[in-house]
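Residue numbering for the sequence shown follows full-length UniProt numbering, beginning at 1 and increasing consecutively.
The hints are simulated quantities; they were obtained by calculation from the structure and are not laboratory data.
Any given hint might turn out to be false.
The following label-pair restraints were derived from C-beta to C-beta distances [to be verified]:
#, residue 1, residue 2, range
1, 250, 86, 39 to 47 Å
2, 183, 114, 34 to 42 Å
3, 239, 85, 40 to 48 Å
4, 252, 112, 18 to 26 Å
5, 114, 186, 35 to 43 Å
6, 97, 223, 15 to 23 Å
7, 29, 183, 15 to 23 Å
Backbone N, C-alpha and C define an ideal beta-carbon position, used for all residues, glycine too.
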Amino acid sequence: MVVVGVAALRYGWNLGAVNFAFLVGSLTYFAVLERLIPYEPAWHPSLREWRWYGIYFLLTVLGGGLAQLPIMALVGVVAVPQGWLPLWVEVPFAVLLGSLASYVMHRLGHTNAWLWRLHGVHHVPDKVNVGNNGVNHIFDIVLAQGAVQLALAFAGFSEPAVFAIGLFVIVQGYFIHANIDVRIGWLNHVFSSPEQHRLHHSTDLAEAGNFGSDLSIWDQLFGTFTWRSGRRPAAVGLHNPKSFPPTGEIVASLVHPWRSRAAARGARG
Numbered sequence: 001m002v003v004v005g006v007a008a009l010r011y012g013w014n015l016g017a018v019n020f021a022f023l024v025g026s027l028t029y030f031a032v033l034e035r036l037i038p039y040e041p042a043w044h045p046s047l048r049e050w051r052w053y054g055i056y057f058l059l060t061v062l063g064g065g066l067a068q069l070p071i072m073a074l075v076g077v078v079a080v081p082q083g084w085l086p087l088w089v090e091v092p093f094a095v096l097l098g099s100l101a102s103y104v105m106h107r108l109g110h111t112n113a114w115l116w117r118l119h120g121v122h123h124v125p126d127k128v129n130v131g132n133n134g135v136n137h138i139f140d141i142v143l144a145q146g147a148v149q150l151a152l153a154f155a156g157f158s159e160p161a162v163f164a165i166g167l168f169v170i171v172q173g174y175f176i177h178a179n180i181d182v183r184i185g186w187l188n189h190v191f192s193s194p195e196q197h198r199l200h201h202s203t204d205l206a207e208a209g210n211f212g213s214d215l216s217i218w219d220q221l222f223g224t225f226t227w228r229s230g231r232r233p234a235a236v237g238l239h240n241p242k243s244f245p246p247t248g249e250i251v252a253s254l255v256h257p258w259r260s261r262a263a264a265r266g267a268r269g
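Put together the whole structure using the sequences plus the hints.
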């Protein structure tokens, strides 16, 4: 991913096209793995759900991408062409800072009543799979990605580092949502994984921690790490399903944060 990021900037590749290629490639790869090594066969999306997920995917890519144009323009101005460290040293530090910014925004999405009205759209499905990784409110994506990109840019990381971390985040996001029967063992204490993220989607709020999407170290540091070997959620979805429209009601989900304060009562700890 670092190599791709450097090459894209050096040779003037269309960065939007590279991002989109990683999106589609990650989605396709993990969707195939879900059929080969499923964690829970009942979590496979139906054709109707794939249609819903496809609409959310397009809305996230198109709407979120357009809304992020000013953020990316600012990143382009603030981020320096060459970093203050060699790239191979810079990238690990960028991963640490980017994952911390992501952790903070994700946790706020669960604890702040208004932000939960945006982020809660992602938690409506009662299954976790690579398809519903894209079930998001547009503005939730803009805020979350914008926070990471701006944090990296203002910290002085180079454009190749910021872009490479963005590609890592894309792949990792699809990986942790994948309905695949994999276990990463002790690496769960470093990286986020499907094992952890299923617990994050649990209807049992006591185990629905694991806010890190990239690294798990911040969950361990701040006391929100709930993974242990063999732990499985009894059910996933909303603790209060009536607090949000169903996933298939896409327009209602998009206007829900402004239409009603009911979702605030579903704020998760």
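A quick look at each hint next to the structure:
The hint said 39 to 47 Å for the Cβ distance between residue 250 and residue 86, and at roughly 45 Å that hint holds. For residue 183 paired with residue 114, a C-beta distance near 37 Å keeps the hint of 34 to 42 Å intact. Taking the beta carbon of each, residue 239 and residue 85 are about 43 Å apart, inside 40 to 48 Å as hinted. Between residue 252 and residue 112 the beta carbons are some 22 Å apart, a value that agrees with the proposed interval 18 to 26 Å.
Here the CB-CB span from residue 114 to residue 186 is close to 38 Å, well matched to the stated 35 to 43 Å. Here the CB-CB span from residue 97 to residue 223 is close to 20 Å, well matched to the stated 15 to 23 Å. The beta-carbon spacing between residue 29 and residue 183, approximately 19 Å, falls within the hinted interval of 15 to 23 Å.
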